[in-house]
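Asks: The chain contents come next:
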Amino acid sequence: MSAAPVTILDALLVGGLLAAAGLTLFVPRRSTAVVMFLVFGVLLAIAWTRLGAPDVALAEAAIGAGVTSALLIDAVYERSRRPERATGHHRQVLAVVGAVLAAVLAVGLALVLVDIGPFTSPGPGAADLVADRLDESGVSHPVTAVLLNFRSYDTLLEIAVLLVAVLAALALQPDATLRGVPAPTRTPDLLGLLVRVLAPVLVVVAGWLLVAGSVAPGGAFQAGAVLAGGLLLMRLGGWPGAVPASDLLRPTLAVGLTGFLTLAYLTAALGAGWLDLGAAWAGEAILALEALLTVSIAMTLAALFVANQDPPTPPVGVSSPERTR
Amino acid sequence: MTREELFLAVGAGLAVLGAARLLLTRDLLTRVLALNVASGGVLMILVALALRGGGPDGPDPVLHALVLTGIVITVSVTGFAIGLVRRIEGDLTEGGRR
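Heads up: the protein sequence lines correspond to chains P and A, in order.
With my numbering applied, the first sequence covers 1 to 325.
With my numbering applied, the second sequence covers 1 to 98.
It is worth saying that the hints were derived from the structure and are not from the lab.
There could be a bad hint or two in this list.
Said to hold, decoys possible - To give an idea of the chain P side of the interface with chain A (calculated C-beta under 7 Å), a few residues:
# : residue
1 : Ala131
2 : Glu158
3 : Ala165
Said to hold, decoys possible - Example chain P residues on the side facing chain A (calculated, C-beta under 7 Å, incomplete):
# : residue
4 : Val14
5 : Thr68
6 : Leu113
7 : Leu147
On a predicted model such as this, the values are computed, not experimentally measured, just so you know.
Beta carbons are placed, not taken as given, at the ideal position from N, Cα and C, and that holds for glycine.
The following block holds chain P by itself, in its conformation from the complex (with noise of 0.2 Å):
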């Protein structure tokens, strides 16, 4: 890669994140530092389509800046940020001295990184390696390749870690099922037709960004994530089943891991090895499991929105000036 010029956009986009990520982390009302948080995340997805990368553009879109949000809006809509207390000299010296270490290290790391020497392979860098034997994995798109074949242990792990954290939970629950959630029972006529519109069309959008992940930009997750903001869309316009509450829950929250685990075993047991594809039917494979995964993902985030929802009436005594629902 040649070495791109800083332009005035990119100038505008790191200032941006900057001014974003000092007012998220530092403003008082705590609904505002949300909102400058979603700011953050959608300037994030436009730093790295610069950077090249629109996998992770539409990832961060799509999870990073919509499901996180969604996530943290609606756990702060009625709490203001609990004022922090200013017990005096000890603390105000603890916070200078953690500016300035912040500092030097900041800069400190910027200086070495900034100095890494060209990075490609032979080297740490694998671009050329993955480029090689990218007729072997079954997809033409060098990240699907490296997601679902040449590094699938990761992914493997990264959907454990992603059931755990949403039984985790659901443990949280009274009893450890979505049932002490009330559904949205009043729908407004509006959001029930903008839902009757957009609900099929991310389920398209979803499946498209599936297949697409083959060739193009796209996978398990952009889709996983596309589906669940439909799956949750639904369940506020009026169709409360689109999150199940208990019984058909952990199934599919489990259904990704569970095909994982099972190719696993079946190309240990009958194949090449531990997750060893074969060139011939690698591409099939990958596909299935994508849409296994997919499912999973989606039903995770939505679960993990649903479990973190209030109560409706709000708590007795307890003083809300931000509360506008």
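Based on these hints, arrange chain A on the given structure of chain P.
Replies: Showing chain A alone in chain P's frame:
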């Protein structure tokens, strides 16, 4: 200065800013946000390194795959952390969630 160098430096700045705020604040939601900002900085370093380490066909796909994994892990950790924050603050202010 090239584009990679700019984003490497800014990634370092964001990672340290988030990490420092994570360690120095007492507000639980700010900690969750700080973790996310720090994670954005780390991912930016990885994506900029992928650009630097790219071959003729584009940036290094291994690092892009790692970043995708990182984004998904971050959102799952964030979802669980928000659940814990609500639980803790609910218990502190209401004496029980329901």
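Asks: Are the hints correct? Go through all of them and say.
Replies: Status of the hints after comparison with the structure:
1. Ala131: holds (5 Å)
2. Glu158: holds (5 Å)
3. Ala165: holds (4 Å)
4. Val14: holds (5 Å)
5. Thr68: holds (5 Å)
6. Leu113: holds (4 Å)
7. Leu147: This interface hint holds because 5 Å falls under the 7 Å limit.
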